[in-house]
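Chemist: Protein chains in written order, with this note's numbering: chain A, 1 to 73; chain B, 1001 to 1053; chain C, 2001 to 2631.
Don't read these hints as lab results, they were simulated from the structure. It is possible that some hints are incorrect.
Taking lysine-lysine and the PhoX-like style, the derived pairs with C-alpha atoms no more than 25 Å apart in a straight line are [said to hold, decoys possible]:
hint, chain 1, residue 1, chain 2, residue 2
1, A, Lys7, C, Lys2040
2, A, Lys4, C, Lys2225
3, B, Lys1027, C, Lys2071
4, C, Lys2040, B, Lys1027
5, C, Lys2602, B, Lys1027
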Amino acid sequence: MTLKEGKTGMNLKIAAIEDSPLKNRLMTMGLIPGTKVTVLRSAPFGDPMAIRLRSYNLALRRSDAEKITVEAV
Amino acid sequence: MATFVCAAVVAIALFFAVRHIYRNFVKGESDCCGTSGCSCGDSCGGCSGCHTK
Amino acid sequence: MSTLAVALTGNPNTGKSTIFNELTGAHQKIGNWPGVTVDKKVGYVNHNDRAISIVDLPGTYSVSARSPEEKIVIEYLMNNKLDLVMDVVDSSNLERNLFLTIQLLEQGVPLLIDLNMQDEAAARGIHVDMKKLEELLGMPVVETVGRSSKSTKKLLDVFTSTVMSQYHPSELVESHIENIRSIRESGKTAEAAEEAVIEARYALIDRIMAEAVTMDNAGLTKSEKIDRVLANGVLALPIFLAIMYGVFQITFEWIGQPLADMLDELINENFLEFATASLEGAGVAEWMVSLVTDGIISGVGAVLTFVPLIFVLFFCLSFLDGTGYMARIAFITDPIMCRCGLTGKGIMPLMMAHGCAVPAVMGARALDSEKDRMVSILVTPFLTCGAKLPIMALFAAMFFPEHAADVVFGMYIIGIVMAIVAAKILGATTFKDQGSTFLLELPPYRMPDMKTVMIETWDKGKGYLIKAGTIIFAASVLLWVMSNYNFSGPCEIDESILATLGGWMSKLFVFHGFATWEAGAALLSGIMAKETVVATMGVLYGAAEVSTEAEEAVEAAQTMLGTGMATSFTALSAFAFMVFSQLYTPCVTALGTIKKETNSWKWMGFSAVYMFAIAWVVSLIVYQGGKLMGF
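So here's chain A without its partners, still in its complex pose (with noise of 0.2 Å):
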């Protein structure tokens, strides 16, 4: 599955993160494969979402969250 299917209270681990011009910065940030990261919520009307990895909280689009593959942990 994709984060964009992650709902709230979900703990996962990131698998990979599709290429794009995005994936440099998301691994900046701490998005690594193989990170765990747990949806906390998500905004009014379900987009952006919030997670929370590596004891910090990162909000994103689903529509970003859609390139990054997760399997539940």
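Please arrange chains B and C on chain A, whose structure you already have, making use of the hints.
Modeler: Using the frame of chain A, we list chains B and C on its own:
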């Protein structure tokens, strides 16, 4: 006499004011509120310059 | 006294600015980095017989030179001989913060690592073994506890006593540097190599975390609990509006307005009276007295009266900024902004536009796509900047005394709605749809450091004071001349140059209910700087009243302004005038910035014309619609 002194004070003040405006114009700067307030530092959500960019 | 050059670096939201302000106090100079509009802050302090200069570098997550800020940081560190670079690290968020640390170590920067927010980390069950960290990195590590000034002041001792040349990167770091060199030389594509390097850095960070940091799982953090209310689901939006409404109440009802009233009395009654009496007593010619009192004091005074409002508003915004709520605003408004053809990140420049459109237009350059940027630049000037605020506050106080705060709040809403509508239309027509991204850290909620909030408020508000002393002062003199003379010499005010110009301008507003030459002149001068609308009103109505009732010149200027203006406007036409002022052509400074940022005269001209047209139409609808509804 008093009028002259008064006029001189206003004229000098005006000179400095206009010089300031002119220098700003030449340097392309402005005094507007907030132009110097933000360096993308800590408590600066107002600046999106470096948020994950 | 020997010198010591120190630079502060670190991620955003680590308390770096607070430390900087605590260390240097008011002894700081703000300038620009060459070529970019990013602030350069330098502070000076003497300690232990050393003259220490401290540079506060922009907060960045990395130094990959992707943004102007990142370029500044890395170039400054590489090109200047610094005795010491302090990397401020948020202890409760060590993992991501260490990324920058590692990157700087790779560059061979002599780093002093400051574990800030130790108290916060401890509360979250995070314990960092400083000795171990020092050993792992090979660089000195100190700790501070955020807002405790005592712990921050200790840093000065550390600065003067630490000899950086005694420290060398550890073997662990050395082997990491060797590792990334071999990755870069392995013949992979630049992108793949860069990704491998990032992975190597995080692998090192994971190792450091495992060895030097212990975490007790303390359950939900405080920020988490707050976010469940403030940034969760649809409820977050009404709360956001309520908070903004609260800011307005504070500014226009509870604190700002009472202060403004006091200042008004001081300037426009006591000082005006004093100045008139002493000038007349000294035998100054009548026209000169008129220039000083009706021209300068009325004009500059009318603008100065609003200084408390501006400062209170900036204080509130800086305070909110310091709490971390601004990032939540971007988060919760993104879905709406997105539907409006903007991005949630764009809310930050837009919030800034409530101070001034100029930094907001500049701030737009940080947005991800060209479309986001252009749309943001073009709609930003619709919002109520600090200079439009006096117009709204003056008219609201005069014509809607019972509901002043509500009416001003309404004006802000009209500005925001227009900006959204314009963004929607521009996004759908002029600019082709491109994808845009949104990636934003949600920092932990914190009680803002008051010193930092104060310094920020002052930085943002002082421009208003400078403008009052320069452009408004010059404009007041010019307006006085134009309102007392025509080309054949001194004249009655309604035959003056200003009356003629204003008369031409006012022809545009015959269906708007404010087709007086005074209103026309005020709006015309407002293109120079929006504050001059109020200054013009001050000069015109102040002067008109004084000339007929010289004996009663002691009367409050506010009241004179009131009586003169009250006859020229009805509540409805005043409202229409406010709407027009809110929306019409941006001031020349903003136009100049638009030209610079879009690099196009065409877009600047477009911006000036389309905003005027929209203001004209909307204001017409308001007035005629209001009349139909019987107001």
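Chemist: Any of the earlier hints contradicted here, and which numbers?
Modeler: Violated hint (a single one): 1; every other hint is consistent with the structure.
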